[in-house]
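Colleague: Heads up: the sequence shown at position 126 corresponds to 832 in our numbering, and the numbers run straight through without jumps.
Please keep in mind that the hints were generated in silico from the structure rather than gathered at the bench.
Among the clues, some could well be false.
[Unchecked claim] Taking lysine-lysine pairs in the DSSO-like style, the calculated list, with each CA pair at most 30 Å apart, reads:
hint: 1; residue 1: Lys839; residue 2: Lys740
hint: 2; residue 1: Lys802; residue 2: Lys740
hint: 3; residue 1: Lys825; residue 2: Lys839
[Unchecked claim] Label-pair ranges, simulated between beta-carbon atoms:
hint: 4; residue 1: Gly880; residue 2: Ser771; range: 38 to 44 Å
hint: 5; residue 1: Glu796; residue 2: Ala918; range: 40 to 46 Å
hint: 6; residue 1: Ala773; residue 2: Arg914; range: 40 to 46 Å
hint: 7; residue 1: Arg752; residue 2: Ser899; range: 18 to 24 Å
hint: 8; residue 1: Asn922; residue 2: Ser899; range: 23 to 29 Å
hint: 9; residue 1: Leu885; residue 2: Gly791; range: 24 to 30 Å
By construction, the Cβ of each residue, glycine as well, lies at the ideal position given by its N, Cα and C atoms.
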Amino acid sequence: MALDIKICGLKTDGAMAAALAGGASHVGFIFFAKSPRYVEPAEAGRLREAARGKALAVAVTVDASDAFLDEIVAKMQPDMLQLHGSETSERVAEVKARYGLPVMKALPLSEAADLERIKPFIGIADRFLFDAKPPKGSELPGGNGVAFDWRILAGLDGGVDYMLSGGLNAANIGDALRLANPPGIDISSGVESAPGVKGPALIEQFFRAVRAARDNRAA
Numbered sequence: 707m708a709l710d711i712k713i714c715g716l717k718t719d720g721a722m723a724a725a726l727a728g729g730a731s732h733v734g735f736i737f738f739a740k741s742p743r744y745v746e747p748a749e750a751g752r753l754r755e756a757a758r759g760k761a762l763a764v765a766v767t768v769d770a771s772d773a774f775l776d777e778i779v780a781k782m783q784p785d786m787l788q789l790h791g792s793e794t795s796e797r798v799a800e801v802k803a804r805y806g807l808p809v810m811k812a813l814p815l816s817e818a819a820d821l822e823r824i825k826p827f828i829g830i831a832d833r834f835l836f837d838a839k840p841p842k843g844s845e846l847p848g849g850n851g852v853a854f855d856w857r858i859l860a861g862l863d864g865g866v867d868y869m870l871s872g873g874l875n876a877a878n879i880g881d882a883l884r885l886a887n888p889p890g891i892d893i894s895s896g897v898e899s900a901p902g903v904k905g906p907a908l909i910e911q912f913f914r915a916v917r918a919a920r921d922n923r924a925a
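All chains, full assembly: derive it from the sequences and hints.
Modeller: Okay, structure coming up:
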């Protein structure tokens, strides 16, 4: 099975180049002002040009207004929108209809019962992103570098397409792939030298770890 890999929170040409060189299927840009990974829509539009024909460019928003989404779509020209806030299934449907773009809905998980939250979005969201619930006091809905118990995903319906996120890094990606066997993975803080500072060498290291983990499973 092909594994989609999204490097999220990109802000520099060097990090973008490393993501594409490693074989990222998706590259993500954060449009949430409180995040250290925030990037202006026009700058994201410039950066995403390098990904055309190589990886899908994803615009990550948090309860964004139509006006802000209009600006992002116009200036960045994303291939996909990721809604990482408290958006309802109705809002997801509105956004899909307004822009004609696929939508990935992020949902925070911590226990098996949280998987019930998927149900209203089935048939509406094109894909899910499962992230850990933010630590108490965090203003960021994602990118907090914390993980959840990946084993709870074993009970997920096989027809649910998702990306696994939250606390992934080169050291634990092998366990994540073994325990959850996700169709896609998303990493942000796990390839940073400081909050919001992507390290090309860390991105390369992560891709090596993914390849090693997959080779071990195939052996």
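Colleague: Now look at each hint and say whether the structure bears it out.
Modeller: Okay, the hints, checked on the actual structure:
no., hint, result
1, Lys839 with Lys740, "holds (17 Å)"
2, Lys802 with Lys740, "holds (25 Å)"
3, Lys825 with Lys839, "holds (18 Å)"
4, Gly880 with Ser771: 38 to 44 Å, "holds (41 Å)"
5, Glu796 with Ala918: 40 to 46 Å, "holds (43 Å)"
6, Ala773 with Arg914: 40 to 46 Å, "holds (42 Å)"
7, Arg752 with Ser899: 18 to 24 Å, "holds (23 Å)"
8, Asn922 with Ser899: 23 to 29 Å, "holds (27 Å)"
9, Leu885 with Gly791: 24 to 30 Å, "holds (28 Å)"
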